[in-house]
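Student: Below, each chain spelled out in residue letters.
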Amino acid sequence: MLKKLNPLLHSQLRLAVMSILMQVEHADFNYLLEQTDATSGNLSVQLSKLEENKYITIKKSFKNKKPLTRCAITPTGRSAIEEYVQTLKTYLPNSNQNTL
Amino acid sequence: MSLDPQKSLQVIEEMILQTRTNFQENGHLYLIWGYSIAVIALLHAAIQWFTDFPYHFMVWWLCIIPGIIYSVMIRKRSSSQNVSSYITKTMKWLWFSVLAFLIFSLVLGAVAFNYRIVYPFIIMIIGFGSLVSGGILSYRPLITGGLIGFSIGVLSAFFSNEIQLILLAFAITSAYTIPGHMLKANPLDHA
Numbered sequence: 001m002l003k004k005l006n007p008l009l010h011s012q013l014r015l016a017v018m019s020i021l022m023q024v025e026h027a028d029f030n031y032l033l034e035q036t037d038a039t040s041g042n043l044s045v046q047l048s049k050l051e052e053n054k055y056i057t058i059k060k061s062f063k064n065k066k067p068l069t070r071c072a073i074t075p076t077g078r079s080a081i082e083e084y085v086q087t088l089k090t091y092l093p094n095s096n097q098n099t100l
Numbered sequence: 001m002s003l004d005p006q007k008s009l010q011v012i013e014e015m016i017l018q019t020r021t022n023f024q025e026n027g028h029l030y031l032i033w034g035y036s037i038a039v040i041a042l043l044h045a046a047i048q049w050f051t052d053f054p055y056h057f058m059v060w061w062l063c064i065i066p067g068i069i070y071s072v073m074i075r076k077r078s079s080s081q082n083v084s085s086y087i088t089k090t091m092k093w094l095w096f097s098v099l100a101f102l103i104f105s106l107v108l109g110a111v112a113f114n115y116r117i118v119y120p121f122i123i124m125i126i127g128f129g130s131l132v133s134g135g136i137l138s139y140r141p142l143i144t145g146g147l148i149g150f151s152i153g154v155l156s157a158f159f160s161n162e163i164q165l166i167l168l169a170f171a172i173t174s175a176y177t178i179p180g181h182m183l184k185a186n187p188l189d190h191a
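For the record, the sequence lines run as chains W and Y. One point on numbering: in this note's numbering, the residue at position 56 of the first sequence is 56, and numbering is uninterrupted. One point on numbering: in this note's numbering, the residue at position 114 of the second sequence is 114, and numbering is uninterrupted.
By construction, these hints were calculated from the structure, which means they are not laboratory data. Keep in mind the model is a prediction, meaning the values are calculated, not measured. For glycine and all other residues, C-beta sits at the position ideal for the given N, C-alpha and C. Errors might be hidden in some of the hints.
Unchecked claim - Computed spacing ranges between beta-carbons, pair by pair:
| # | chain 1 | residue 1 | chain 2 | residue 2 | range |
| --- | --- | --- | --- | --- | --- |
| 1 | W | 34 | Y | 185 | 21 to 31 Å |
| 2 | W | 25 | Y | 107 | 28 to 38 Å |
| 3 | Y | 93 | W | 62 | 27 to 37 Å |
Unchecked claim - If we take Cβ atoms under 8 Å as the criterion, some of the chain Y residues that face chain W in the derived model are:
| # | residue |
| --- | --- |
| 4 | 3 |
| 5 | 5 |
| 6 | 8 |
| 7 | 9 |
| 8 | 11 |
| 9 | 12 |
| 10 | 15 |
| 11 | 16 |
| 12 | 28 |
| 13 | 32 |
| 14 | 36 |
| 15 | 86 |
| 16 | 89 |
| 17 | 144 |
With the hints as extra help, turn the sequences into a complete structure.
Tutor: Spelled out as structure tokens, the structure:
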């Protein structure tokens, strides 16, 4: 029987954010907004959910008097997405798994 | 929004590709240094061949011009940068090490050895920089250009100083200029 995919990551926007944060040290809110084509409100909500589950950290500060929201993946988040990808592979036996 | 596994895979792949697309900006690095060093190397060879000017090596001070241009570009870019990737960090340290190697090689060439001995190592490190960058970015034109540059460096050990300078121009064109143009034109087609 196939293992259930992590519901927290099995959402297009949250998965996109986690895929980006996997590759970077940290990324600002605006960068995530540009890359995911999401709306500010939706992105804020999804980031909060990821933060509540300790998948990411969010630090708020100011840069040149403008608010700066910096997101970074946590070790828990990293393990979760790695496990998600492993589970995903069991769903895709004939796909090109080398890309992940 | 519901996701099927195929769509999940697509989302992950798209985000990885989009993050990699940002390295298109690195094309400037290869073009500025590629053209500058090739022109200065050929100028140096021409001065050595056609004149008796004893301080021909002073032509390398012209590197200050692309150095300033590049520093301004880096400063502009870092002030607008809103992401810090591991690859960018690795690349910074790689090119800092390559630059340090180049400077110390030139100093050693001036004070301890003959430039004829030092140039092959300079050409090899230029190829090495592109080869490692290409490996990190999984970008074939840089890997190929780096290998060509590295091979030209090895070959240059068997030629005179003037020929080495011309070979340096060829090496930098293969390792920097050509991959730099390709990186700017379309970073993902050749990956």
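Student: Would the hint on residue 5/Y be counted as holding, given a Cβ-Cβ threshold of 8 Å to chain W?
Tutor: OK, holds: residue 5/Y within 8 Å of chain W, min 4 Å.
Student: Given a cut of 8 Å on the nearest C-beta pair, is the interface hint for residue 12/Y held or broken against chain W?
Tutor: Check passed: Cβ of residue 12/Y comes within 5 Å of chain W, closer than 8 Å.
Student: Look at the Cβ atoms of residue 34/W and residue 185/Y and judge whether their distance stays inside 21 to 31 Å.
Tutor: holds, 22 Å
Student: Please check whether residue 32/Y passes as an interface residue: C-beta within 8 Å of a C-beta belonging to chain W.
Tutor: violated, 25 Å
Student: Hey, does the residue 144/Y contact hint survive, CB to chain W under 8 Å?
Tutor: Status violated, d = 22 Å.
Student: Given a cut of 8 Å on the nearest C-beta pair, is the interface hint for residue 9/Y held or broken against chain W?
Tutor: holds, 6 Å
Student: Is the interface hint satisfied for residue 89/Y? The criterion is a beta-carbon contact with chain W at less than 8 Å.
Tutor: Because about 7 Å separates residue 89/Y from the closest Cβ in chain W, which is inside the 8 Å limit, the hint holds.
Student: Against chain W, with CB atoms and a cut of 8 Å, does the hint on residue 8/Y hold up?
Tutor: Holds, because the Cβ-Cβ distance from residue 8/Y to chain W comes to roughly 6 Å (cut-off 8 Å).
Student: With 8 Å as the cut and Cβ atoms as the points, is residue 11/Y at the interface with chain W?
Tutor: holds, 5 Å
Student: Given a hint of 27 to 37 Å, does the C-beta separation of residue 93/Y and residue 62/W actually sit inside it?
Tutor: holds, 29 Å
Student: Are residue 15/Y and chain W close enough, Cβ to Cβ, to be under 8 Å, as the hint says?
Tutor: Constraint on residue 15/Y satisfied, holds at 4 Å.
Student: Classify the hint on residue 28/Y as holds or violated, based on whether any CB of chain W lies nearer than 8 Å to its CB.
Tutor: With a closest approach of 20 Å, the residue 28/Y hint is violated.
Violation of the numbered hints given earlier is confined to hints 12, 13, 14 and 17; the remaining hints are satisfied by the structure.
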